[in-house]
Amino acid sequence: RFHIPSLSWFRYTEIVYSTARMKGDDNYDMEGLVHAKQQTQKLSGQVQRLFLRVLFAVLGIVAVVTAGEAFGVTNVTPYLRLDKVPDSEYSSLKEKRVEVPQDKFSGEEIPLQEKSIKELQIENYKKGTALLVNVHITHHAGTAICHTMRQFGPSPKFACMGAGGGPWPPEAETGRKGLFSTWSSYEEAASRVQMFRPYFHFLSFEFIWWGNLHQVYFEYDNLVTIIPLRHPIDRFLAGGKCPQWGHVIKSDPNETNQADYWGYANSDCADNYALRILANNSNCHDGADTSLECLESAKNLLRRFTFVLDQDCLGESMVALGNALNLTIPYTAPKKSHRPARDRINNDTLWEFLNHRFRRDIELYEWSKSLSIVKC
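In terms of my numbering, the sequence shown opens at residue 144 and continues consecutively.
Honestly, I wouldn't trust all of these hints.
If you anchor each label on the Cβ, the simulated ranges turn out as follows [said to hold, decoys possible]: (1) Ala476 - Gly308: 30 to 36 Å; (2) Gln337 - Lys479: 20 to 26 Å; (3) Asn426 - Ser480: 35 to 41 Å; (4) Cys519 - Asp491: 25 to 31 Å; (5) Pro483 - Lys270: 39 to 45 Å; (6) Gln358 - Asp486: 37 to 43 Å; (7) Asn498 - Cys412: 14 to 20 Å; (8) Ser434 - Glu262: 31 to 37 Å; (9) Gln358 - Leu435: 21 to 27 Å; (10) Gln337 - Pro483: 42 to 48 Å; (11) Asn426 - Arg482: 31 to 37 Å; (12) Pro473 - Ser327: 19 to 25 Å; (13) Val391 - Glu439: 33 to 39 Å.
I should point out that these hints are in silico values taken from the structure, not numbers from a laboratory. These numbers come from a predicted model, not from an experiment. All residues carry an ideal CB built from backbone N, CA and C; glycine is no exception.
Start from the sequences, fold in the hints, and give me the full structure.
Below, the structure written as structure tokens:
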């Protein structure tokens, strides 16, 4: 048993008690000495427990500080609840919010008021009150970003998207589809951030299906949003393909799978994939005839994200993101190095067809480079 030395008068009492017992001396108040010994043992136990609590508390503080230094994290508080922020400070943050009407922007220049909102979001993440959310279009680097962000704080267990047997707010939905779309007002976004922030500093919402993201209140002060974008033809060639084609196509185009690739290229699933998710109308998938209005609505949405990343230089983009958020993110080279998409297609007719059918999606990606945190 862990032993804490008794004070001298505790020890003196024990000696007197033992001596009296050996001599059988009746001049000592044996009952009083027995009581004194019992009190001594009780007090000694209390001192022991107090000492151990203080010791474990000190060790806990040392462990937290050491872990923070090991991850290179500065000014990040993963578990700070919004309801623990002083009322005066939270009120001042809420008063700074600026209403940004949906689809109000038409040019590439970001208005000053939107810049101020993004600066406030970044500031709040550094303080530990904002939640970092990645809008993950399938095959747009979601797994790589999740792996990186887990180094800096807790994230959902299943690909940073769902419970997967790990911690998860009991009142939160567990499905991926439509969950983020419900954050449609300041109050709703605040409620959802307060729900998730005590559990996680980062999470992802994957969009396999088409959903209307325009109703999300991206301008909430304590919500930092990121979206990585990828060239549509590179995505077209990514592993997995669309669900019904991923089981059929196992390699790049070659002499044996041309028919499968033409079927995939003409499929509804592959039609302007990212644009269809980001546009304000889920019917924005009409091949080469997809309207200019669909393209412009997707641009308007991208302007509202805190950060836009270009997967073409994801390593450099993640370093820049870390610099903005006070996270020391090292450069990570791509795990796979592919040949240029034109060489992988290796069919002039298919190449021209894809560029024509996906032209609006390609226009959106090329335009998004103007917003990217790093210009590749």
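Distance restraint evaluation - Asn426, Ser480, Cβ atoms, bounds 35 to 41 Å: Check passed, 37 Å falls within 35 to 41 Å.
Distance restraint hint 42 to 48 Å, applied to the beta-carbon atoms of Gln337 and Pro483: holds (46 Å)
C-beta pair Val391, Glu439: status relative to the range 33 to 39 Å that was hinted: holds (35 Å)
Assessment of proposed distance window 31 to 37 Å (beta carbons of Asn426, Arg482): Holds - the Cβ-Cβ distance for Asn426 and Arg482, about 35 Å, lies within 31 to 37 Å.
C-beta pair Ser434, Glu262: status relative to the range 31 to 37 Å that was hinted: holds (34 Å)
Satisfaction of the hinted span 39 to 45 Å by the C-beta atoms belonging to Pro483 and Lys270: holds (43 Å)
Verdict for Cys519, Asp491 (Cβ pair) under range 25 to 31 Å: holds (26 Å)
CB-CB spacing for Ser327 and Pro473 relative to the 19 to 25 Å hint: violated (37 Å)
Whether the CB-CB distance between Gln358 and Asp486 falls inside 37 to 43 Å: Given a distance of about 41 Å, which is inside 37 to 43 Å, the answer is holds.
Outcome of range test on Cβ distance (Gln337, Lys479; 20 to 26 Å): 39 Å Cβ-Cβ, so the 20 to 26 Å window is violated.
Distance restraint evaluation - Gln358, Leu435, Cβ atoms, bounds 21 to 27 Å: The hinted range 21 to 27 Å holds for Gln358 and Leu435, with Cβ atoms some 22 Å apart.
Outcome of range test on Cβ distance (Ala476, Gly308; 30 to 36 Å): holds (31 Å)
Consistency note: the structure conflicts with the earlier hints numbered 2, 12.
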